[in-house]
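Build the full structure now, drawing on both the sequences and the hints.
Chains as they are written, first to last, in our numbering: chain A, 3 to 228; chain B, 521 to 757.
Hints in this document: simulated from the structure, not taken from any laboratory.
Pair ranges (Cβ atoms, derived):
hint	chain 1	residue 1	chain 2	residue 2	range
1	B	A534	A	V166	36 to 42 Å
2	B	K603	A	A51	53 to 59 Å
3	B	P527	A	K160	39 to 45 Å
What the simulated footprint calls covered on chain B by chain A, stretch by stretch (three residues with Cβ under 8 Å from a Cβ of chain A suffice, anywhere in the stretch; the number is not a length):
hint	segment
4	649-657
5	671-680
Beta carbons: idealized from backbone N, C-alpha and C, even for Gly.
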Amino acid sequence: MSVLRQAARVAWKDLRIELRSREILYTMAFFAGLLVVVYAFAFPRDERAVRGAAPGMLWVAIAFAGTIGLGRAFDRERENDTMRALLLAPVPRLAVFLGKAISIALLVLAVAAVCTPLLVLFLGAPLFTHPGPLVLVILLGVIGFSVVGSVFAATLLKVRSRDVLLPVILYPLLIPLFVAGTKTTMALISTPADFHAVWYWIQFLGIYDAVFLVLSVWTFESLVIE
Amino acid sequence: MNKLVVPVFGVLAAVGIAVAVWLVFMQAPLQYGFHPDGALNGSSLFYNQKIFYFHVAHAFMLFAAVFVSGVCSIAFLKTRKPKWDDVAMAATEVAVAFGAVVLVTGSVWAKAAWDVWWNWEPRLTMSLLLWLVLLGYVLVRRFAGPSADRIAAGMAIFGMVGVPFIYKMVGQDSHPAAGREGVVATLGPGMRAAFWISVAAFLCWFVALVVARVQSARAERELRELRERGLDLGVLS
Chain A
3 MSVLRQAARV AWKDLRIELR SREILYTMAF FAGLLVVVYA FAFPRDERAV RGAAPGMLWV
63 AIAFAGTIGL GRAFDREREN DTMRALLLAP VPRLAVFLGK AISIALLVLA VAAVCTPLLV
123 LFLGAPLFTH PGPLVLVILL GVIGFSVVGS VFAATLLKVR SRDVLLPVIL YPLLIPLFVA
183 GTKTTMALIS TPADFHAVWY WIQFLGIYDA VFLVLSVWTF ESLVIE
Chain B
521 MNKLVVPVFG VLAAVGIAVA VWLVFMQAPL QYGFHPDGAL NGSSLFYNQK IFYFHVAHAF
581 MLFAAVFVSG VCSIAFLKTR KPKWDDVAMA ATEVAVAFGA VVLVTGSVWA KAAWDVWWNW
641 EPRLTMSLLL WLVLLGYVLV RRFAGPSADR IAAGMAIFGM VGVPFIYKMV GQDSHPAAGR
701 EGVVATLGPG MRAAFWISVA AFLCWFVALV VARVQSARAE RELRELRERG LDLGVLS
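The following block contains the structure:
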């Protein structure tokens with residue numbers, strides 16, 4: 003069985019648990035929706051202000067909801083010490099890591115799929131003017147977030163203050179990713195859309211994802227094993 | 521590690537910093553320039569420019585520490601020898617202090633040159649982001665319990681790899697230029713000596729602090745191991 007299929011198995015296991023309880027999905031999506039409502043009261047709602055702030059709103063929602071989802075997804079492995087079982091399973095650790103990252107990425111994508119339409123609906127943000135590139139940018143951003151996030155959420159599994167430390171570790175490391183995501187989205191919704199900038203930041207995100215994917219695969223084992 | 525390293529580098533740093541201060545304030549020329557029509561131009565900073573000698577020297581150490589910490593963390597994860605972890609931790613902790621100096625002096629410079637305390641100017645932003653990574657590292661060290669060394673090592677490595685991305689992200693700037701055409705390379709003769717002596721002095725100061733911190737970390741661990749052995753043998757209670 004190839005590594006990718008094993009990874010898909012691990013991801014499918016996570017998703018099946020999730021689809022039975024829908025705990026993470028519902029709470030994350032509710033939280034992201036709530037954030038949009040908070041934005042609507044916290045920021046001016048005129049068209050110019052929304053156009054300026056919407057990209058940031060979108061990526062902050064992804065970051066916050068994603069962090070909650072990450073923490074919870076790995077908590078599940080901690081409760082019955084199933085992380086050890088996963089690591090002992092006769093598959094490469096790479097498959098375990100990729101499977102985890104894939105299941106997290108799908109959850110965060112679902113959150114983005116909830117909160118983007120809400121931003122459009124409640125705030126009138128013109129996010130759907132170029133849906134194709136927007137989906138690509140969100141996909142690239144979520145991949146990077148899930149990859150780096152899975153590494154550190156896994157290492158923090160046994161740490162008592164993991165809920166506080168996860169954002170302390172992740173946000174400084176992921177600032178380039180979130181800035182790139184915000185800048186791309188901003189270039190997309192400006193009139194006219196600045197495709198030169200969009201292309202630059204999409205390349206940036208692609209390289210970022212590739213570099214950190216390799217780095218995560220390379221370090222995952224030595225970081226997680228005691 | 522040799523007991524002499526800290527005193528020697530400490531004395532070198534003390535002398536170097538004294539000489540640097542003397543050179544900077546007594547010898548290096550004031551920085552100002554004229555427009556063709558004889559009026560002072562906007563880049564004339566007079567005494568405000570003196571902060572450059574200390575700001576940039578500290579910034580060099582901040583950037584160096586990110587790499588020292590990242591490389592030592594790789595060595596630590598590969599070999600699992602705590603000596604590498606000690607160096608990574610010491611460099612990071614000292615660099616947090618140096619980074620604070622960079623940010624404060626940078627802010628003062630921004631006020632003098634651009635009349636705002638903080639303007640998200642790219643290299644200042646970059647220093648801030650690197651400083652945040654290092655600060656996160658220190659927090660992890662402090663609060664992540666027994667596996668803190670591993671997690672922090674991961675953070676140092678990821679932080680080091682992220683540097684080029686931060687650099688590309690912040691892009692072009694209003695900061696004095698760097699590189700072959702930059703401020704450092706084109707300093708006037710009086711300024712150049714003061715600048716490099718200042719850098720060397722603060723490098724010595726940095727090394728002295730890092731080595732002292734490594735020694736204290738090693739002593740801490742030895743003490744802990746001795747105590748555990750004592751507990752095992754029933755000598756201690």
